[in-house]
Each structure stands twice: as structure tokens, then as C-alpha cells.
Amino acid sequence: MGRTLFDKIWDSHVVFQEKDAANGNPSLIYVDCHLIHEVTSPQAFAGLKQHGRKVRRPDLTFATMDHNVPTTNRSLPVIDGDSSIQMHTLRENCTEFGITLFDMISPQQGIVHVIGPELGLTLPGKTIVCGDSHTSTHGAFGAFALGIGTSDVEHVLATQCLWMYKPKSLSIKFTGTINNRPGISAKDIILSTIRHIGISGGIGSVIEYTGEGISTLSMDQRMTICNMSIEGGARAGLIAPDEVTFDYIRGRPLAPSGEELEKTIEYWKSFLATDSETCHDKSVNMDLSRLVPQVSWGTNPSMVVDVTENIPYPEEFADGNVEQEKSAKRALEYMDLKPGVPITEIDIDRVFIGSCTNARLEDLMDASKLLEGRTVSSRVNAMVVPGSQSVKRAAEVRGIDRIFKDAGFDWRESGCSMCLGMNPDVLAPKQRCASTSNRNFEGRQGVGGRTHLVSPIMAAAAAVEGRFVDVREWF
Amino acid sequence: MKSFKFICDKAIPLDMINVDTDQIIPKQFLKMVKKEGYGEFLFYNWRYQNDGTLLTDFVLNDKRYSGRRILLTRDNFGSGSSREHAVWALRDFGITVLIAPSFADIFYNNCFKNGILPVQLERQNVEFLFKNSENEDIVVDLDKQKVVCCDHSFSFLINEFHKRMLMQGLDEIGLTLELESAIVEYESKRRNHSSA
Ligand code: SF4
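Line by line, the protein sequences give chains X and S. In terms of my numbering, the first sequence opens at residue 1 and continues consecutively. In terms of my numbering, the second sequence opens at residue 476 and continues consecutively.
Don't take each hint at face value.
[To be verified] What follows is a list of derived Cβ distance ranges for each label pair: (1) 250/X x 663/S: 26 to 36 Å; (2) 602/S x 475/X: 48 to 58 Å; (3) 269/X x 662/S: 39 to 49 Å.
I should point out that these hints are in silico values taken from the structure, not numbers from a laboratory. Backbone N, C-alpha and C fix where the C-beta goes; we use that ideal spot for every residue, glycine too.
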């Protein structure tokens, strides 16, 4: 019988399995790469120490600081005492256990899911874990990558393995492409997909994204898609590696190189593909030919409309489901929005271009192109937070920082920043933000703050107009 | 880890779908490096006003429900962030059993590492509990995999491994370390074959 790409990665990582695997016993799965950060690792290290255990493979473990680093001048001391303790704790743990750390001041520092691929740690066929739900990002390379809790971080540190029940496989196939459709981006693809399958549509599954709509995307765009797999409830997202993937990997500092890499690529080509579409447990088709820019209106990432639509009525959104209707009513109240109003009539106060979803070089280039010769509305406070120091440098070499600054954006140091507001970058209560991040949950960007998820181009246009616009009209 | 086998208690009804971990424990409480003491911050933004006073209309602040150890809720509980702090906060608050039609994957998995039993029941049975359990005891028996309330008994499914972990309060890492030889063998096999 044929196997999916996911089946193949899974099978090649089973370390141990009780005989009656089908009978409720999990598999022990080997982890090829373990990424850690300051917020979800301290208790794991404390647990290790308490039991006198070692890190089994410090050489397969990599650390960075991203969640609560300040995005202002890095030469100044970190004012927030708690954040500073977490960073200090990570530094100590990495030294004690011999783990490579990309510290706050490292030229490679950045959001963990941005630097993994940049450094060449993210490779096809690997299993990758991190104490962070957006680890799904790395699936864009054909790696099985998933977020785990702190107890599992401790387990992986100690054993380099994880007990897992095999997830199901869901294929989402995209017909049509967004190429040559100015104003439409990968973020619109994934937002409309989550709107379609719902935020629990992927529970218990690994989603493999396939079809012309995916193969025509760049790696930066594919990462945006896989990144938000978790917002559809999925365990992981996957895209089969192809020439676009291999080109991205060539020349990455920690990836294999030269002949060794080319040999490995041949192996990936022969091995890492789903045998036939019928191998998946479930399939969904999405047509991209009529996709338009998306804007979220509610407090979860399935509460999304086309930019040409109005804020929905709760009954309309719920489609007969009482619980959904209640949740939509609550969302409208929290967001202070009225049903029936065009989404383009909503005024915004803040713009955040950043996060592991949309702070790679291409995202910043897309937004900056739109901003050339334009200025941010006087009502709006706008900031760009590059995903990593490498992204920041690459943007500065191209003069992208200048375009942002000239337009009136704040140009910051790299980190998670206002994606979750653990550092000083937060929304004030009632402030409304056009954000390129991935979650519009209540209070996510600051207590009482209101988040609308959009693509980088849509965020840039919103900054200029002070409200959402159908950015296609600007091309 | 603490073991769990059986409980008989009343439930706190949290009648909402898609409760995400950002609500269960907001980010400002992820800055601690310890594993205990999160109970007072559970559902912080829903329990407290900006000035720190209690919001009386939230179920967790309702005196009628105080001290109850079962949380009854709706679909997709624990979605979003992987933060295990969400489970620590529930545990420290005194919750031992969660009942819902479905849970988010990472959250579900995190529960078992901390002595919390997430019970997945059919939607209509959860509905029954919401309608009838206000002042009634609910019995949750892990060994028998049953929830009993008002003379109704509902079975639930749970993986053997998770069940054993909770019933015996197992140290999962210790267990895995006993398989050291299998891990070593796997690593050497991988070294000898292709780099993929
Ligand atoms: S950018 Fe946001 S979603 Fe991504 S890792 Fe950081 S906090 Fe998590």
C-alpha cells in the first residue's frame, strides 16, 4: 500500500514500539532537532537537575531568546526583571549542558521559527520539536515539526525521544495560484483555509498542503502557510520538498554542503513524497482562483471575511450552531464591532508587521514596495519587527528599513514582540491593531487590545489609510 | 507525579467553546521560572478587573462553585499556545478533571504529565451534564472509564498509556530511559545509513 510523506517520516523515526501498537500503545519517536527558548524551557531544565539527569544530545539542541526580548536598543540593559531572569536562566542552562545558544546580542538571534530555517537546521525528512505551538512552521521543508509542552521539552532533553500516537493525515489541495495576483499573499491562503476548516478542523491530524497553489510559492510563503496549521488545530503542517526547497537550503551555514548535500537531495527526492493522493485519511480541496485579501474580525483565526465583505451577523457566521453563535456575539462585543458594517470602514490605531508568520525578508519587501512614496496616517502608530537579525540586516542592505522609516514606521530589533506582548510592545486597552501575526485571541497583544489578522501588504495599506483597504486597487 | 484514579465532586460549568490557553493563563504569567503557584492567575483577565478586584459574573468567581474540582466545558478546550502553564494553573487552582467534547492536542497531552484527567465525552452527554449537574455529584472513574451523574452513566475512551500514566503516577522520563539500548541502537543505525 502507498504511504504519505508523513507516513515515511514517521516510520523512519520509530525507535521503539510495543507489539500491540494498534491497541493503544504509543510509539517512541526520535527527535532530530530540538529548538528551545527562554519561556518554556526553565522548568524543563529544573526537572532535569532535580533528577540528576543529563541532556542526551546537546549537539541536536539549539536555543535562542525571542519571546520577551526588548525590540529597542540592545546595548541597554533589559529593564523587565522577570524577563531578564528568564534570559539569564537560559544562558546558564545552555552553558551548564553545552547547548548552542543564539543569545539576545548574537548576530543570528531571532524568532526560533525564523532562525531554524535560516541557519539550515530545518531540513526535509527531519523530526523537529520546540516548546512552542508554531513549530509547525518548519513543516514547509517537508519536516515533521510540532509544538510540545514543557514536560515534553524535559523528556526530549533527557532522551532525545517523544512518546506519540500517530496523528491522522489530512490533505488540503489548492487549485489555482496566487502568482501574478498583486495584493494577494500566502497569509490570505491560510486565513481562508482556516475559515473553511475551522479552528478545530485539523485536531489530531497532520495537514499536507499540496497542489499548484503551493508548489508555485516561495519558501517564505510556504512557511507562512505551515506556521498557521496549528490555528486550524493541526498537530503539524507539511509540504513536500522540491527544487524551491533545495535551493533555499544550499549555502545555509548549518546545513550539509557540497557533494554531501547533493547526494542527500537525491535521497530526499526519491523518498520524500506522498505515493498517491488516496493515501490520506481525509482530503479537502480549495480553489484559489477567487481568493481575495482576508481580514479577521473576531477573536479566533477562523473569524475571517474577505476584504470586500461586511462584518457578519452572529447567526450568519454560526450557521445554526448555537455555541458558535454565542461565541461570535462575544467576539463582536470584545472587538466592539457591529454586524453588517463593511470591514473597510473600521478605523485602526496600530499596525504591527512582525511574528514568525510574517516577518521574513519577503514579507518586509512586499510591505515596503507598497509604502514607497506613501506615509503612515497621522492616526496610526506603526512598527516593523524583523523576524531575525539576519532578516533585519538583509533588509537594511536593500534599503528597506529606509522605506519603512520614511513612511513613518518604527524599525525595531528582532523578536516576538507584539505577537504576544511579553516584552514592552503591547496594545493599550481598546486599541485596534492590523497585525501580521497569527492569533487574534482576546488580550493576546495586550489586555483589552483588538487584533485583526492580515497579510503584510494589507497591514501596510491599513497603516497608510488608517483603516482596512482592498489593496488590490493599489496595483 | 501524583496519580489519579477516581473522583466524586460537583462541576464548575464553563459554558464556552474554543477556550484558548491565552485565556487560561495570560502571557504576563509565563515569565516565572517555577512550576507551581499559578492557581491565582488562572483565567486572570476573566476573573479580575484592571484594578485587581474580582469580576463577579465569571463562573470561577461564583461562590456556589468554589472548591469544585471538575471543570465542565465545551469543544476545543485548550486551543492555541503550547504553554503548559495553562495546565499548571488549572492544577494549582484545584482542578483535577476536565470534561469536554474535544480538547486541543498539545493541551490534552500536557494534562497527563500533571495528574489532570481530560475526559472526552460525546457532545450530547456533555450537554446532559450542563443541563443536569448544577447541584449533582459527578463520579469520574478512570479505571472503569465511566462518568456517572443522575443515574446516567457515560463511557469514555482513553489510551492505555495515558491511563496507566495517571493511575500509577508514572515518571515518563524514567520509563523511557529504561529503553536506553533501543535509543542507542537507533542512533547507531542512523549514523551508518544515509544522513536523512
Ligand atoms: S512570533 Fe508569536 S507565534 Fe511566533 S513564536 Fe513568537 S510568540 Fe509564538
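Status of the hints after comparison with the structure:
Checked against the hint of 26 to 36 Å, the pair residue 250/X and residue 663/S passes, with Cβ atoms roughly 29 Å apart. A hinted range of 48 to 58 Å for the beta carbons of residue 602/S and residue 475/X is consistent with their spacing of about 50 Å. About 25 Å separates the C-beta atoms of residue 269/X and residue 662/S, a value inconsistent with the hinted range of 39 to 49 Å.
Of the numbered hints stated above, the single one contradicted by the structure is hint 3.
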